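Chemist: Protein chains in written order, with numbering that gives the first Met the number 0: chain A, 0 to 464; chain B, 0 to 401.
Simulated from the structure, these hints should not be mistaken for lab results. There may be inaccurate statements among the hints.
The list that follows gives simulated cross-link-like pairs (lysine-lysine, BS3-like), each with its CA atoms no further than 27 angstroms apart [said to hold, decoys possible]:
#1 A/Lys449 x B/Lys39
#2 B/Lys366 x A/Lys376
#3 B/Lys323 x A/Lys75
#4 B/Lys216 x A/Lys250
#5 B/Lys231 x B/Lys39
#6 A/Lys159 x B/Lys366
#7 A/Lys376 x B/Lys248
#8 A/Lys367 x B/Lys366
#9 B/Lys323 x A/Lys347
#10 A/Lys116 x A/Lys63
Computed spacing ranges between beta-carbons, pair by pair [claimed, not checked]:
#11 A/Lys25 x B/Pro112: 52 to 62 angstroms
#12 B/Glu245 x A/Val50: 31 to 41 angstroms
#13 A/Lys71 x B/Gly344: 26 to 36 angstroms
#14 B/Arg66 x A/Val50: 43 to 53 angstroms
#15 A/Thr183 x B/Lys80: 47 to 57 angstroms
#16 B/Lys347 x A/Gln64: 53 to 63 angstroms
The structure displayed is predicted, hence computed values, not measured ones. Using N, Cα and C, we set each Cβ at its ideal position, and we do this for glycine too.
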Amino acid sequence: MKPTQTQWQHLYWRAGFGASWADLQKLKQRNLQVEVRRLVNDGQKEPKKIVLLQGQTPKLAEAKQLSTAEKKALRKKLRLNVPKLNAAWIQEMQHSSSPLREKMAFFWHTHFACKHKNVYYAQIQLHLLRKNALGNFREMLHAIAKDPAMITFLNNQQNKKDQPNENFARELMELFTLGRGNYTEQDIKESARAFTGWAAHGDDFLFRIKQHDFDSKTFFGKTGNFHGEDIIEMILAKKETALFITNKLYKFLVNENINQQLTGRLADDFYQSNYDIAKLVEQMLVADWFYAPENIGTQIKSPVQLLVGMGKQLGMRFGNEFSPLFIQKILGQVIFDPPNVAGWKGGKSWIDSATLMFRLRLPEFIIKAAEIGIQNKEEDDAQKEDLKGNGFRSLSAEIHWEVILDLFKNNSKKQIYEQMQAYLLQTNPQLNQQAPWTFIQASQTEEQFKEIVAWLLAMPEYQLC
Amino acid sequence: MKRREFIKTSALTTVGTLWVPAFVKTLENNTLPKTVGGNKSLIIIQLGGGNDGLNTFVPFQNDIYYRERPQIAIGTSEVIKLNDELGLNPALESLRSIYEDGNMLLINNVGYPEPDRSHFRSMDIWQSASDASQYLDTGWVGRYLDATCGGTCDMTHQAIEIDDTLSLAMKGENIKGMAMQSAQKLYRTTQSNQMKYLAKQAHHHEHAHSPAAYLYKTLAQTVSSAAYIQEKTKNINTKADFPQNEFGKRLKTISELLQADLQTRVYYASLSGFDTHVNQKNTQERLLKIYADAVQALVADLKKNGKLADVLILTFSEFGRRVKQNGSAGTDHGTANNVWLIGGGLKKAGVFNEAPNLSNLQEGDLKHSVDFRSIYATILSKHFGVDDKIILGKNFEKLTFI
């Protein structure tokens, strides 16, 4: 299959955060299978860890040496750097040469949703997700179960022999692997005992042997002295896990509406491959059905997808490093701060009257530097002064118009419009052809070009990919 | 008429009569379809951060209260006594007359089983009306819209939050409320030529369930609701004396919207900053005064306009605070708390139930005796006359206050 421009862009929107103009010019010469393979291979290489803050979380003994004031200052420092790590990852998404890795790492962040208050923990978990983004799901699951951020977030730190805490065991099955209906409350109780004593110690995992319940447990109808690792293996042995992950990935990469015939087959292969993520992703991205019209331009962009995609398409850099954070907050998706353990709902839930108006006016704020006049909700947590309604006035950004503008010097405004529409929109608006020209009135080429771009970015269709 | 002509002749100036979705037509004609709930409306006021209920309605006869809070307790002589056990924090002086007029009801010990002490989680539980172990991504007001509209009414302004972003409480599965700071501001944001033009393109998608259709529909609803609200409110400018602060302005906006008879069922406004871990007294009392002064102005204005009988004001916070003060003259996150209702149609006024029991605590926190969803259920069934069970997912005991 020789992809059309829209189909190439489709691949890049779903397997990344959109194609830049430069990407697109290169892609037109390439072969689809080869390109997908390249994206997958690049994504499998171990990435450079994103490190915002050097150092490590003090272990208990070290923490005890600190005064109350020092502890408080440390906690604050660790917390205040989380939004900066967010900004750094957004940068990576926009500029990475392995967009598929970042996209898949983002998928795993939405899957293993975790709120972060400690930048060291966040750095460790982010690296885990990026390193395993196209690796093996079995290995990633074992690793995430021992990840200090996850252990803390899901209260496994408090899961002890005498007083088990079921939070991790429940989410492990309900949200990370099997989905509701594939286990019993008894399975949760018993498996929680198998994870007793799994703790975070500084930045490391520690098996607290004295807190572990070594008695026999009955899980999925089998009885034995199971450890946490055994429980994970028994969950992975169930085909339902492969189907659950495949369905979720299909929704993320392909379409909100699951085609059960397709995902059933893909899940079988995923299970047979011993949970090889790269294989599953590649299978999706080279399939003819992936490029079918019903899958193109039918996904409502998540706030992160919208933000990074716009940055990529316009070669954009914000004047204020926290602008991306502000946009994430207003639109309801802050990286490292999911609403709850279930992550973000996505799809139509991104859109209400307020978020839609903000989305449609974003180009006005960015390109025309219009004043925003919108505030974040006040944060209700006295501990969170970092995210207090930062008095944003402007979202102005530097845009590298010259890159694209040059190419259009000798074209008529209609040609420019058509080419820009093909570049920016994955689905065409049903408009009267003359309509835009009532609104785009500048006569000078450069101004006209900017007006065309601003008009297209403010189309509801730009919210789709 | 051909489409091109249509656009030429009407799109940029007024809405034509062809191809216009039903709800846009209705709005333009200023005749709204009848909505469920009669003339009743609900104003929800959220005190964000976890308001300390014990220092709001003070158990001024309780020795434990004074023993556990040596630095921050409100003295017996300072409180405004409501009965022989409980009294108002003096910062709530403005509520006194409302209480004395029989327009206020205090419900003590409100909460839910297995309370969560995280602001965000507990707020989600209150807003979504879920169990502590359940994650819902719709809110109780949103589900009320879903249930009553049944896909036939298209007005997002059935529920309005006075804010720039929309809270979970206001989001239904199919219908969401709308967020706005003021009618003028919302109207201005919808007035770009492109926005107005696009809103009229929704008809191309009227019958489709595609994401694009959903976007155009939401856009059209927002633009027409904004125009409708602007039209209905432009001549209303209440003379009532609202405090000149942010919260005062929000309640003033609500009062004006109510006078405009928009058929809005639910209004939502927040006042934040109640997370008083340090030097609680100053912070809390400053906020309580802001709250009470604005509410007093609102109630007076509603009364003057003959609206108070149909309005219910519900004030809540995501949790109360620990009985024992902490080392910094503040309090830490707690659990059960008080909720109070203000309105002209209360069947029962005063204090609804027993005062908090400070000698029977769980991990230092008050135990709840009223599930907050019982209050929601009562409002839904008795104030709005709808089936609360559909909206809340299960049956909760109805209380007898309305």
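Chemist: Is it true that the CA of A/Lys449 sits at most 27 angstroms from the CA of B/Lys39?
Modeler: Given pair A/Lys449, B/Lys39 is violated - Cα atoms ~49 angstroms apart, limit 27 angstroms.
Chemist: Just to be careful, I want the Cα atoms of A/Lys367 and B/Lys366 compared with a cutoff of 27 angstroms; is the pair within it?
Modeler: 55 angstroms, violated
Chemist: Taken at face value, is the distance from the CA of A/Lys347 to the CA of B/Lys323 at most 27 angstroms?
Modeler: Violated: B/Lys323 and A/Lys347 sit about 45 angstroms apart, past 27 angstroms.
Chemist: Is 31 to 41 angstroms respected by the C-beta to C-beta distance linking B/Glu245 and A/Val50?
Modeler: Because 40 angstroms falls inside the window, the suggested range holds.
Chemist: Does the alpha-carbon distance linking A/Lys116 and A/Lys63 stay inside the 27 angstroms limit?
Modeler: Between A/Lys116 and A/Lys63 the Cα gap is close to 20 angstroms, so the pair holds against 27 angstroms.
Chemist: So if I understand the rule, the pair passes when the alpha-carbon distance is 27 angstroms or less; does B/Lys231 with B/Lys39 pass?
Modeler: 19 angstroms, holds
Chemist: Is the distance from the Cβ of B/Arg66 to the Cβ of A/Val50 consistent with 43 to 53 angstroms?
Modeler: For B/Arg66 and A/Val50 the Cβ distance comes to about 50 angstroms; the hint holds.
Chemist: Holds or violated: B/Lys216 and A/Lys250, Cα atoms, limit 27 angstroms.
Modeler: 23 angstroms, holds
Chemist: Take the C-alpha atoms of A/Lys376 and B/Lys248, compute the straight-line distance between them, and say whether it is at most 27 angstroms.
Modeler: 16 angstroms, holds
Chemist: Does 53 to 63 angstroms hold as the CB distance between B/Lys347 and A/Gln64, or does it fail?
Modeler: 58 angstroms, holds
Chemist: Given the hint of 26 to 36 angstroms, check if A/Lys71 and B/Gly344 actually sit that far apart at their C-beta atoms.
Modeler: 49 angstroms, violated
Chemist: Just to be sure I understand the hint, the distance between the Cβ atoms of A/Lys25 and B/Pro112 should be within 52 to 62 angstroms; is that true here?
Modeler: Hint holds: Cβ distance 59 angstroms, inside 52 to 62 angstroms.
Violated hints, in rising order: 1, 2, 8, 9, 13; the structure is consistent with all others.
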